[in-house]
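Since chain A is already given, all that's left is putting chain B on it; use the hints.
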Amino acid sequence: MPCPLNGPRNIAEFVYGGVVGAAPDPASVDDRAWAEYLFIESNTRGVVREWWFHAPTAYWFIAERDTATDEILKTYPASELGKASVESDA
Amino acid sequence: MFELLKRGLSGGRPPRQLPAPRPLKPSYDVVIIGGGGHGLACAYYLARTFGITKVAVLEKGWLASGNTARNTTIVRSNYLTPDGVRFYDESVRLFRNLSHELDFNIMYGERGHLTLAHTDAAMRTARWRAEVNQHLGVDSSLVYPDEIARLCPELNLSEDVRYPILGALYHPPGSIARHDAVAWGYAQRAAELGVEIHTHTEVTGIDIQNGRVVGVKTNRGDIACGKVMQAVAGMSSELARLAGFRLPIRTIPLQACVSEAVKPFLDPIIVSGSLHIYVSQSARGELVMGGSTDPYPLYSTRSTLEFKEDLMMHMLELFPFIGRLRVLRQWAGMADMTPDFSPVMGLTPVENYYIDAGWGTWGFKATPVSGTCMAETIATGKPHRLCAPFSLERFYNYAQVGEKGAASVGH
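Protein chains in written order, with the working numbering: chain A, 11 to 100; chain B, 15 to 425.
In isolation and in its complexed conformation, chain A is listed as follows (with noise of 0.2 Å):
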């Protein structure tokens, strides 16, 4: 995995976090919109924007992988979020 703060590190070091996603607002949620953010996943066979934990530097960033393949194709720094070219997708 190549880590943006650390280089490449072996695939043993890092968490894998969950697909990135935006929550929706607690105060204004109905029940079962929040129920769907909790536990309903796309489960994306392809590429997927996520994020991922350096666990020794604990430092999160984010991967775009495919999960068909396994291949990592780019990682960045979080605050990059807004400039990533894949659409969120959970």
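Honestly, the hints are just simulated from the structure, not real lab data.
Below are the SDA-like pairs computed for lysine to any residue, each with C-alpha atoms no more than 25 Å apart in a straight line: (1) B:K418 to B:L94; (2) B:K396 to A:R42; (3) B:K231 to A:S52; (4) A:K84 to B:R316; (5) B:K231 to A:R55; (6) B:K74 to A:R55; (7) B:K322 to A:I21; (8) B:K231 to A:T54; (9) B:K322 to A:V25; (10) B:K322 to A:P18; (11) B:K418 to B:L361; (12) B:K74 to A:G56; (13) B:K68 to B:I222; (14) B:K277 to B:F335; (15) B:K418 to A:S52; (16) B:K74 to B:L256; (17) B:K20 to B:A195.
Relative to the frame of chain A, chain B by itself:
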């Protein structure tokens, strides 16, 4: 024996176990997507119990080539929640009689099942499970190292290891069965009752009109149908997407392997949640070994070295004498992991479209009971009482059936 000798000498081919491939009909009463154990069992019970025989089972690969062929064949009912215990215990009851029912030897072996506990927390969960199990009439109890030594003398019970064994949940009805025989037994009997089984037939679309399923598109043409059931573990989310809804499922690989065959030495099935291990010795003498699911989602059945390093490190702690044993085969299955470690069964947002999914790492043991439950659900349009707690709606009602402590090694 004579039959075997005659066939061997004549050099002829044995009779077909299933009818030869034939064209798809334009319509069926029920289309079952997925020709694994669950789909075939459902087809069999639809035909036998409810007399619904205009049924097609569509399988994109060859028969039972998915997770039915990729599990470690353990059958047990010592779960944690009353809903789970009742459901899996009915499966154990059906499994016990399945060779007779199908007139097909599934090689069912009651070996006994030990879930090892290495921490106080694991002992507490084991005691909890034993109490729930006994209350519901399931043979299950907490045992201590002296009893474990009697049940499995080969196990390393030394305290001079990283995770000494403090006790275990002992479940005498725990069993193993021949997975291919279960699938082929159901397939043959279903076919005799009139069910059509179409392999190499991939579903490419679902026809829905006014919120109701009316047909499926396949690589061999379109068919109309009254009802559809999907039973395609690993690909459940992708198929549900074709039908227009999403599931509480992540597809995560589960790897396993077998060793070369050695003389019988291990009678019970040994599981350790803390060490991420389950192991049994097959009738052929191979050690069948599995561990936790992979650390992240993936639609792939590749094997990794990391998995085997992790597994063997702990295997050697339990059985130090197998250090020279070689791995013979390795494989992976794509597991449907749900947040509460229970399946997703029954009705869906699409009318007449039924689902049997979310089987994570616990699907093989439920093969017969998923078949009877889904057959009744499809035939009557109402969820069978045993699978009602596992509806997709439970996630929207915040009524999950939490089986994390009992359903999976990977936690």
